[in-house]
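If you're matching them up, the sequences are chains H, Y and B in order.
As numbered in the working numbering, the first sequence has no gaps in its residue numbers, which increase by one up to the final residue, 602.
As numbered in the working numbering, the second sequence has no gaps in its residue numbers, which increase by one up to the final residue, 1033.
As numbered in the working numbering, the third sequence has no gaps in its residue numbers, which increase by one up to the final residue, 230.
Note that these hints are calculated values from the structure, not bench results.
Since this is a predicted model, take the numbers as computed values, not measurements.
A hint or two may mislead.
Claimed, not checked - Within a straight-line C-alpha distance of at most 25 Å, the following computed SDA-like cross-link-like pairs (lysine to any residue) qualify: (1) B:Lys9 to Y:Lys1033; (2) B:Lys60 to Y:Glu871; (3) B:Lys191 to B:Ala159; (4) Y:Lys1033 to B:Val33; (5) Y:Lys846 to H:Phe530.
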Amino acid sequence: MAQATAAETHAHQHHGPQGILKYVWSTDHKIIAMQYLFTGMFMGAVGGLMAYVFRMQLAFPGISVPGYGVVSPGEYNSLVTSHGSIMIFWVAMPVLIAAFGNYLIPLMIGADDMVFPRVNRLSYQVFLVSAILILASQFVGGGAFGGAWTSYPPLSANAEYNLTPAGATLWLLAVALEFVAFLLGGINFIVTLMNSRAPGMKAYDIPLVAWMIVIASILFMLSVGPLIAGAVMLLFDQTLGTGFYDPARGGDPILWQHLFWFFGHPEVYVVLLPAIGIVIEIVATFARKKLFGYKIMLYTAVATGVLSFFVWAHHQFIAGIDPRMANVFTVTTLLISVPIAELLFVIIATLYGGSITFTTPMLWALAFIAEFLIGGVTGIFLGASGSDIYLHDTYFVLAHFHYTFFPIAIIGAFAALTYWFPKMFGRMMSERLGKIHFWGTVIPFNFIFIPLFVLGLAGHHRRIYNFNNFPELVPYRYLDVMATAALIVMLLFQIPFFWNLLHSIRKGPAAGRNPWRSNTLEWTTDSPPPHGNWPVDELPKVYRGPYEYAHPDRAEDYWPQNLPS
Amino acid sequence: MQKPIATTRSATGIPTGRLAIWWVLASEVVIFGGLLASYLMFRLGHPEWANAAAVTNTWIGAFNTFVLLSSSFTAVLAHQAAENGDGKLAAKYLMMTIAGAVTFLGVKSFEWYSEISHGYTITTNGFWSFYYTAAGLHAAHVLAGAVIMLFIAADAAKGKELQRVEYIGIYWHFVDVVWIFLFPLLYIAK
Amino acid sequence: MSQHTEHKGERHGSHHPNYKAIYFTLLALLVVSVVGPFFGILWVTLITAFGIALVKANLVVQNFMHLRWEKRIMKWMLATSLVLMFLLFAGVAPDVMRHEGARWVNDAALAAVERGIAAPHHEGEAAAGEASGGAVTEAAAAAAAPGEQAFDAKGAFTTVCSTCHGTTGAGDGPGAGALNPKPANFGSGAFWEGKTDEELVKAIREGGASVGKSALMPAWGGLYNDAQAKALLAYIKTFKK
Chain H
38 MAQATAAETH AHQHHGPQGI LKYVWSTDHK IIAMQYLFTG MFMGAVGGLM AYVFRMQLAF
98 PGISVPGYGV VSPGEYNSLV TSHGSIMIFW VAMPVLIAAF GNYLIPLMIG ADDMVFPRVN
158 RLSYQVFLVS AILILASQFV GGGAFGGAWT SYPPLSANAE YNLTPAGATL WLLAVALEFV
218 AFLLGGINFI VTLMNSRAPG MKAYDIPLVA WMIVIASILF MLSVGPLIAG AVMLLFDQTL
278 GTGFYDPARG GDPILWQHLF WFFGHPEVYV VLLPAIGIVI EIVATFARKK LFGYKIMLYT
338 AVATGVLSFF VWAHHQFIAG IDPRMANVFT VTTLLISVPI AELLFVIIAT LYGGSITFTT
398 PMLWALAFIA EFLIGGVTGI FLGASGSDIY LHDTYFVLAH FHYTFFPIAI IGAFAALTYW
458 FPKMFGRMMS ERLGKIHFWG TVIPFNFIFI PLFVLGLAGH HRRIYNFNNF PELVPYRYLD
518 VMATAALIVM LLFQIPFFWN LLHSIRKGPA AGRNPWRSNT LEWTTDSPPP HGNWPVDELP
578 KVYRGPYEYA HPDRAEDYWP QNLPS
Chain Y
844 MQKPIATTRS ATGIPTGRLA IWWVLASEVV IFGGLLASYL MFRLGHPEWA NAAAVTNTWI
904 GAFNTFVLLS SSFTAVLAHQ AAENGDGKLA AKYLMMTIAG AVTFLGVKSF EWYSEISHGY
964 TITTNGFWSF YYTAAGLHAA HVLAGAVIML FIAADAAKGK ELQRVEYIGI YWHFVDVVWI
1024 FLFPLLYIAK
Chain B
-10 MSQHTEHKGE RHGSHHPNYK AIYFTLLALL VVSVVGPFFG ILWVTLITAF GIALVKANLV
50 VQNFMHLRWE KRIMKWMLAT SLVLMFLLFA GVAPDVMRHE GARWVNDAAL AAVERGIAAP
110 HHEGEAAAGE ASGGAVTEAA AAAAAPGEQA FDAKGAFTTV CSTCHGTTGA GDGPGAGALN
170 PKPANFGSGA FWEGKTDEEL VKAIREGGAS VGKSALMPAW GGLYNDAQAK ALLAYIKTFK
230 K
């Protein structure tokens, strides 16, 4: 730390704003990353508590939920809509892409900041406004939007159907602003990665997590355009009385479905690829082994991204699309499982023969693989249009996407956080608390969602407020109670995490520069890195790839990228 | 704020600012593309919209096309001047481009005022909904571009950040290209 | 600044198109595209309108934006975004552009095409002729014109109202199970006691809360104008025992 102070007083060193205003006006990518991280974690807590409320209603219909009260049908719809929207747009994306992208990309490529620091700051400010809007929508007359995160018209367009007109418009504006924030941020990431690499760092020397975040940003940028256009049309339908989606006025609600899912499907890979990138970094470090196939991973990730544009209508199999179109989308959907499985196989192959240490980050990374695999294979049943006819809109779908999203957004986030915590805060987290948190999260997670697969097959439909109205499902109601109980246990086990986080930030043991003995450039500077990341005349040069672990020519089992030999 | 060293590097050989503006354009292509593709689907499926489209004034549309094409011309001349290091001349050409933008927006306001007072509003029918939405989104981009161009012209006049003249020019040409397609879609196809 | 002068020689050494020539070409093409429709031949119009638009756009992109001399990676990215737009069109048009498919029909769209839109009048009549097309929705206009297309009150009740009110208006529709209070029972005398027609039409158009009843009865005024709501009321009265 003394070194950092000396560096900071160096004449050419960058100077950021000082004091509390530092956090409001800073353009330092690391501070902006923290802002995204903590906002995302806060929103995650909000989304998780919403899940608690509606799961209590599902398990014990009509109950006065402790801490909330009785859940009315309209409120139920608002809760599930907000839960879904918040988790995807205000938790998964900001944490995986904005927070870790901002933090890691300049550090991993040996740059002193992003290329457009002020645009970076603007992107967070726009994002913050969007978060405030979606939170504010919870309190407006009529309540938060209750038309599901997919916001299909005519429900979402007509106040007399959704009964939450103010909430509906606020939701749309919040989502639109979030899109703008990520477009701004994405351009920063892409241009920085393309142009600002350290001397000697060729394309194949870039750590894969940086590639993944940039590929994700490109995917996002290319897929969100039509939805932005569609959202403007929906906004006009809601507020001006146009009929873009109203058949009686010459419009077509199916158009919205297509525009939404043209984005909605690539979106899931937008969040998946960064999570896989995070897992790759952790696995290479804690297996002390070179990544099985760097180029395979890179090209497969690109192929996944390209293919992801060709599968969207599998969300619309029973919307009335032409069955011949459904055939095409079935084939493409089943095809896309191949490159994704490939990505997991390469990670598993990297583990094989490695010298594995089960640190907390490694446990999270391994859990990602196991849980995401379940999510992936259950997707096959949904991608085949025949079986989807039965399974669409049931809890089977819900369990499938939680077995994919939860590993991505929650397991991936905890993996990244526990892995890079020492770099971000200069201290180590408690391994003991970390492991308690890990097992207390992953085991209950399975007890929440395995029952939901069963319930889905039995006929539980999505977005139903009270299953007591379905007598044929009564024998299965105990599964609803089990899932809710597991959720409560899982939420309680987040307490050790928050304690660990806050306590370690202040009182954890000093981490040093490279506690994990990893190769990538972020570990060559102080923990936490100073403003400008390295002293101005000591920006790193790169001599090799990022995964040179256990190299035969070397005594040490790792070989940092910046060492000349 | 001091510019980071990261901004000065260029592993691709493309200057950072220009690379960024190309990515902005890529995202704008899919936004306008989504809107125009949707319009096209409806227009081709509803031949009766020809009667609604018949109301738009082709001469006003053509004049606005002329204005935007000319403003693209002055924008590229500004770029040429900036390349030669002549910031003052570049700023002058940029101001002409902005004048073109203001003219375009002025003509559009007059056009819309006339159409609305004759009862053709955004809710009249599907054609008019798309007409106002597409042209409106485009006009918003014209306005935003003109404002940013004003700041860049101010810098250029002082000889500062001359490379940005090229970048705002690229954005401006894109706005022109969108109109090049909007013109036949909304004014000629009747 | 230094990066700017470095590239000055590098890229534009021999890559300076004649901007003036391109500009005048663009203007000439504009004239052609405006003149094209006057021939009245569809193919000529299409080529002069859209074909020329493509040519003009290409001229601007290649020469004013200098894409011709740009690095390949950016040409690929821009081409990709264009290709995606064609993909979007190809995947969506079968559902949105067409109005019937293997097992579906879009009645509303077919009806709109049938109905057509009135050709515009000349300036003087424009205000009067088009005013009716302005504020009122097409569907409502069709329904309000007597004799042209009569409003099917029974059909509307069955489609929209019976979900809660039941097909015989007894307040026993499938959606009624989850509602509290239950929807009105139009068969019972008690319901009709003391209620005026105006009040009931208001309840239909402005929702239950507007007449002091439950907000669970939505406001249907956006779908049904006054005449239609009255027609609905007339139909509902047939449930009275």
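We went through each hint and held it up to the structure:
Annotation: proposed proximity of Lys9 (chain B) to Lys1033 (chain Y) is violated, straight-line Cα distance about 32 Å (limit 25 Å). Distance restraint check for Lys60 (chain B) and Glu871 (chain Y): the Cα-Cα separation of roughly 20 Å lies within the 25 Å cut-off, and the hinted pair is therefore satisfied. Of the pairs offered as hints, the one joining Lys191 (chain B) and Ala159 (chain B) holds, with about 20 Å between alpha carbons and a cut-off of 25 Å not exceeded. At roughly 13 Å between alpha-carbon atoms, Lys1033 (chain Y) and Val33 (chain B) fall within 25 Å of each other, so this suggested pair holds.
Under the criterion of a C-alpha separation no larger than 25 Å, the hint pairing Lys846 (chain Y) with Phe530 (chain H) is inconsistent with the structure, at around 44 Å.
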